[in-house]
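Asker: Using the hints, position chain B against chain A.
Protein chains: 2
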Amino acid sequence: MKEKTFQSIQEIGFTSLIDKIKTYGGNRRKEISKGIGDDASVQLVDETEAVLTSSEIFLEGVHFDLTYHPLHHLGYKIVTAAVSDVYAMNGEPVQILTDIAIPNKYSVEMIEQFYRGVDAACKDYNCVLAGGDTTASHQFLAISVTVVGFAKSEKIIYRNGAGKDDAICVTGDLGGALAGLRILMREKEYWKSNEEQYFQPDLQGYEYVVKRQLVPAARMDFIKVLKSANLKPTALIDLSQGLLADCKQVAVQSGWGVELFSPAVPISMETRKVADEMKEDVDKYAFYGGEDFEMLFTLKKEDVERLAANFDDFAVIGRMTENKSEFRINTGEGESIEIDI
Amino acid sequence: MKEKTFQSIQEIGFTSLIDKIKTYGGNRRKEISKGIGDDASVQLVDETEAVLTSSEIFLEGVHFDLTYHPLHHLGYKIVTAAVSDVYAMNGEPVQILTDIAIPNKYSVEMIEQFYRGVDAACKDYNCVLAGGDTTASHQFLAISVTVVGFAKSEKIIYRNGAGKDDAICVTGDLGGALAGLRILMREKEYWKSNEEQYFQPDLQGYEYVVKRQLVPAARMDFIKVLKSANLKPTALIDLSQGLLADCKQVAVQSGWGVELFSPAVPISMETRKVADEMKEDVDKYAFYGGEDFEMLFTLKKEDVERLAANFDDFAVIGRMTENKSEFRINTGEGESIEIDI
Numbered sequence: 001m002k003e004k005t006f007q008s009i010q011e012i013g014f015t016s017l018i019d020k021i022k023t024y025g026g027n028r029r030k031e032i033s034k035g036i037g038d039d040a041s042v043q044l045v046d047e048t049e050a051v052l053t054s055s056e057i058f059l060e061g062v063h064f065d066l067t068y069h070p071l072h073h074l075g076y077k078i079v080t081a082a083v084s085d086v087y088a089m090n091g092e093p094v095q096i097l098t099d100i101a102i103p104n105k106y107s108v109e110m111i112e113q114f115y116r117g118v119d120a121a122c123k124d125y126n127c128v129l130a131g132g133d134t135t136a137s138h139q140f141l142a143i144s145v146t147v148v149g150f151a152k153s154e155k156i157i158y159r160n161g162a163g164k165d166d167a168i169c170v171t172g173d174l175g176g177a178l179a180g181l182r183i184l185m186r187e188k189e190y191w192k193s194n195e196e197q198y199f200q201p202d203l204q205g206y207e208y209v210v211k212r213q214l215v216p217a218a219r220m221d222f223i224k225v226l227k228s229a230n231l232k233p234t235a236l237i238d239l240s241q242g243l244l245a246d247c248k249q250v251a252v253q254s255g256w257g258v259e260l261f262s263p264a265v266p267i268s269m270e271t272r273k274v275a276d277e278m279k280e281d282v283d284k285y286a287f288y289g290g291e292d293f294e295m296l297f298t299l300k301k302e303d304v305e306r307l308a309a310n311f312d313d314f315a316v317i318g319r320m321t322e323n324k325s326e327f328r329i330n331t332g333e334g335e336s337i338e339i340d341i
Numbered sequence: 001m002k003e004k005t006f007q008s009i010q011e012i013g014f015t016s017l018i019d020k021i022k023t024y025g026g027n028r029r030k031e032i033s034k035g036i037g038d039d040a041s042v043q044l045v046d047e048t049e050a051v052l053t054s055s056e057i058f059l060e061g062v063h064f065d066l067t068y069h070p071l072h073h074l075g076y077k078i079v080t081a082a083v084s085d086v087y088a089m090n091g092e093p094v095q096i097l098t099d100i101a102i103p104n105k106y107s108v109e110m111i112e113q114f115y116r117g118v119d120a121a122c123k124d125y126n127c128v129l130a131g132g133d134t135t136a137s138h139q140f141l142a143i144s145v146t147v148v149g150f151a152k153s154e155k156i157i158y159r160n161g162a163g164k165d166d167a168i169c170v171t172g173d174l175g176g177a178l179a180g181l182r183i184l185m186r187e188k189e190y191w192k193s194n195e196e197q198y199f200q201p202d203l204q205g206y207e208y209v210v211k212r213q214l215v216p217a218a219r220m221d222f223i224k225v226l227k228s229a230n231l232k233p234t235a236l237i238d239l240s241q242g243l244l245a246d247c248k249q250v251a252v253q254s255g256w257g258v259e260l261f262s263p264a265v266p267i268s269m270e271t272r273k274v275a276d277e278m279k280e281d282v283d284k285y286a287f288y289g290g291e292d293f294e295m296l297f298t299l300k301k302e303d304v305e306r307l308a309a310n311f312d313d314f315a316v317i318g319r320m321t322e323n324k325s326e327f328r329i330n331t332g333e334g335e336s337i338e339i340d341i
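Line by line, the protein sequences are chains A and B. Quick note, in this note's numbering, the first sequence goes up one by one and the last residue is 341. Quick note, in this note's numbering, the second sequence goes up one by one and the last residue is 341.
Next up, chain A with everything else stripped away, as it sits in the complex:
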């Protein structure tokens, strides 16, 4: 027998796995102008219209913990994650398909709660729950969500369009979702060590960050501003993996380096408070924390003021540099740190 080597996925990482998977795209069609590698795939309908599609899977115990994540909120959050990928192409989400694999321990009422959350999000983002699958599972809930949207082909914004010296910008503030998770996990530990029957977490004073974790909002408003102001960022991605990981995607795909100014990265007071309590560096929350679902985008320098005249919830946090291999963070104390990501 031929000897086989076992290479674990943990060894190569999911990013490398995706790179491998890309190489299996053995079949091509002219309709698919963008496949794996951006927030959503792009399927051309004709010369002007395109369909955008994206799909994600969420597992109980890996991506969410039902001890502190109400099913209603979870339903809302997975729709947010889905539509955010269409907004990150400068498109408009139209329909949502949810697959759900349900263990015996879940009641009909619990699953209805989940769908109430999906429904609420569909209303907020003007989407329709148009399909999906329900089936049995082992002891864990598994949920997959697909979004289908539209965009005018010329309006689509990819990750690879950033130009040299373009301003790197983000909407909202960063690190809040991770700060919320830290608080929820602390409360869960307290609950476990005290063995109280009913879990009543004390979240007073942490409402903002907990909401960022449990029911984040996708930036539909930002896409509307771009449309009304007739502005087009050169690159766009949603902040789902964390600022550095997502910014790296833009840098690598666009072929430029990155210089960030860490004091410019917007962080909420509550996020700072949580980092202080946890005795952690708040910059790490902002740089590595995922699931904020804010938009990271690059703008030609001359467009920054035009956007600022129409929209006040964004910050310029850096610029694209000529040195392709560079990923640099300048701190407020005058330090300049080269990051290897």
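Accuracy of the hints is not assured; some may be wrong.
You can't tell identical chains apart in this list, so a pair holds if it fits in one copy or across any two.
Calculated cross-link-like contacts (lysine to aspartate or glutamate; reagent style DMTMM-like; alpha-carbon spacing at most 25 Å) [unchecked claim]: (1) K273 / D202; (2) K273 / E154; (3) K152 / D124; (4) K30 / D221; (5) K155 / E302; (6) K273 / E333; (7) K22 / E112; (8) K227 / D303; (9) K248 / D133; (10) K105 / E60; (11) K224 / E259; (12) K22 / D124.
It is worth saying that the hints were derived from the structure and are not from the lab.
Answerer: For chain B alone, kept in the frame of chain A given last:
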């Protein structure tokens, strides 16, 4: 505290759960002309073009058993299941998105095998693997697959279009996938009771039914025939849940009764052989066995001969009747059985 009643999903069944979910479609958009309830959802692009979408989830130990299901075949099969839903709307699949949640025990090579299967199916069905998500899982593999296709709006065939006295037809032969599963499970039992290190199932003489279970083919050929012969069935569904369950969908949604002639239901010799060996009624395989991925369709009586002139791999197995609540099977022995499904 308010007392809550626990209603299990097993109690109401997944079909009733889907009926409940349908009622949460609180948001509507004119683009979505068909949502939950057919093989795929229909999103209108303009007056003539539509996008078709469908999504399904598969769990290790629930939907597949890797003891006898090679990952390469599994990759092929999930694409078959997906594109079959688009063919069942008389559409053309264009892209596939796969989400995969992977436990530690899987190697990179195993996941590559899965994607090789996906890729092979994409080539056969002329689709593109255009996206999806890879993530970690607990001890079980979870796979979701979404298909996106196109159709001319006027060509789309729904489940609800069957007319009174229309002929009920199926492509290919039925029950083979279940017969294959029976054989594979028997071999697994043998393997377990003998504790051999290497599992070498003896499948000689069962190649056809095992293939029906492990690598079924979607009926792309039938859709091509409809196009070239300019024929349009009145209703169309793919046989994924089993003949009776899927036929019931057509009957209920179209608002007519059903009369089937059981001797006319096509069954392969190998399927008959398996049923004999298992001491089971082969009609049960054909009526209740799922995953054959054949097409069930209804034709106006005058179209039956026209189709037969162009295509020889189908059979007329019954007709739609006036009595809406009727679901009758006439046997070869002159019996007439009213089925409650």
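Asker: Return the numbers of the hints above that this structure violates; sort them in rising order.
Answerer: Checked against the structure, the hints that fail are numbers 2 and 11, while the rest are satisfied.
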